[in-house]
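**Student:** Read in my numbering, the sequence shown has 13 at position 12, and its numbers run on one by one without any break.
Derived from the structure by calculation, the hints contain no laboratory data. In this text the structure is predicted, and so the values were computed from the model without any measurement. Incorrect hints may appear among the rest.
[To be verified] Computed cross-link-like contacts, BS3-like style, restricted to lysine-lysine with a CA-CA straight-line distance of at most 27 angstroms: (1) Lys303 - Lys419; (2) Lys303 - Lys96; (3) Lys36 - Lys104; (4) Lys104 - Lys25; (5) Lys464 - Lys128; (6) Lys104 - Lys128; (7) Lys303 - Lys104; (8) Lys288 - Lys304; (9) Lys419 - Lys96; (10) Lys96 - Lys169; (11) Lys36 - Lys25.
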Amino acid sequence: MREQLLRIDALLLHSGLETRLMEKDLARWMGQRKKAGAKVQQNRQRHCRRALRCNLARLLLAEDYRGFAARLADSPLLQWFCGLSELPCIRVPSKSTLERYDKGWPQADLRPVVHELLRQGAVAAPKLFLPEAVDLASAFLDTTCLSANIHYPVDWVLLRDATRTLIKAVQLIRGQGLKHRMEAPQTFLTRINRLCIQMTHASRHSDRRRQRKKTLRQMDRLVGTVRHHARRYRDLLQAQWPQTDWTQAQARQVLRRMDGVLEQLPQARQQARQRILQERPVANGDKILSLYEPDVQVIVRKKAGAEVEFGNTLFLAENPQGLILDWQLFQESAPADSALLPWSVGRMEAAYGPQLKAPAGDRGFDSEVNRVGLTMEGIYNALCPRSPQLLRQRSGSWKFKRLQRRRGQTEARISIIKNVSLEGRVRSKGFPHRALTVTWTVLVHNLWVLARMQQRAQAARTKAMAA
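All chains should be built: construct the whole structure from the sequences, respecting the hints.
**Tutor:** Laid out in structure tokens, this is it:
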């Protein structure tokens, strides 16, 4: 770990990546203020540098905010890398501060920096102490599902989630002295939990369908009562929040939490009735998969262990050295893979110039339009053909076979990004934050790969000298 951090620190300094991000942050910050002295600007730059390095170190270690805060307090090495040892008194950022660091940069500032890092690696490898130039000529494309941090979307579980959220908000409001007449809020949680247990065990009965419908009707009536109480308390808080100990921002946060569930609750109830009582399917576009993550899609991939996944489609393009050249996380349902190829080629040409010579992908990326388009652009077509006859014909080319063999390793690269760097699913809330996390992850991953290239070259030189 020490060797990696030292090499990443050198990459940040010699590539100018850290300086450019600090300049962009300072320019954006100065644009929001009428006047700022030199000392204030220096403090902002120091804070910006610390935020950048804390983000990089946290993602490199795959730690959450709380875990990284504890680890940072215990490690002099991490304190040096994050710039905390430069202060007279070391003060470790809290988990809330680390979260603000994570969301402090817009994605529009980060993506060009990733492209600039790879361009420098391609044209000025000695400047970054790389043993070889970054290869921008070949790209291996694939897509995957980036799962959202939600439970499996069962219709009646949505009703339980809504009940819990609304009742907990009601308990907070009652704790501030604002009360309407109602049963004890805890009794609603007890009743919904009991009904959830009944629904789970309904499949053990011989008349399971009748039992499920009966239990759902009871849940629906209970949720209707909870919705009525929650709406009254929501209106009461909006009208009388100055009488509480909360600030206006705290009151608004509780109101937003309740409004988000109250607005979706009628549709969630109708969805459960339609699927369980009426036994009719609901179109994917009309489904509520989560009350808290609206931008989650149903992705049917029909792969072993996960025929259906719930999240967002992630497109990745890596080079032969394992560096991520292009990426995109789709908010809506992603188009077919064949439609993604022209967009990706266009983005890579805009970012790196006309460097791309051979994109490779699986059968999903192949189409007549793509074959003609690559030929017109003078780019070698290493996409696996859908047609068996055309595949046999292309298999006679040594270049095609070499690129297709290398393409198989892209699955491992996707696994590193998803299961190691992102720990299986992104914990960030909301699609903009998930997309930002993916961009941070790509930046950290590319720095890690470049540092490993240096490390392997150093190990090879040491071994040669010893021989």
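**Student:** Indicate, hint by hint, whether the structure satisfies it.
**Tutor:** Taking the hints in turn, this is what the structure says about them:
no.: 1; hint: Lys303 - Lys419; verdict: 18 angstroms, holds
no.: 2; hint: Lys303 - Lys96; verdict: 39 angstroms, violated
no.: 3; hint: Lys36 - Lys104; verdict: 25 angstroms, holds
no.: 4; hint: Lys104 - Lys25; verdict: 15 angstroms, holds
no.: 5; hint: Lys464 - Lys128; verdict: 24 angstroms, holds
no.: 6; hint: Lys104 - Lys128; verdict: 31 angstroms, violated
no.: 7; hint: Lys303 - Lys104; verdict: 34 angstroms, violated
no.: 8; hint: Lys288 - Lys304; verdict: 22 angstroms, holds
no.: 9; hint: Lys419 - Lys96; verdict: 23 angstroms, holds
no.: 10; hint: Lys96 - Lys169; verdict: 24 angstroms, holds
no.: 11; hint: Lys36 - Lys25; verdict: 17 angstroms, holds
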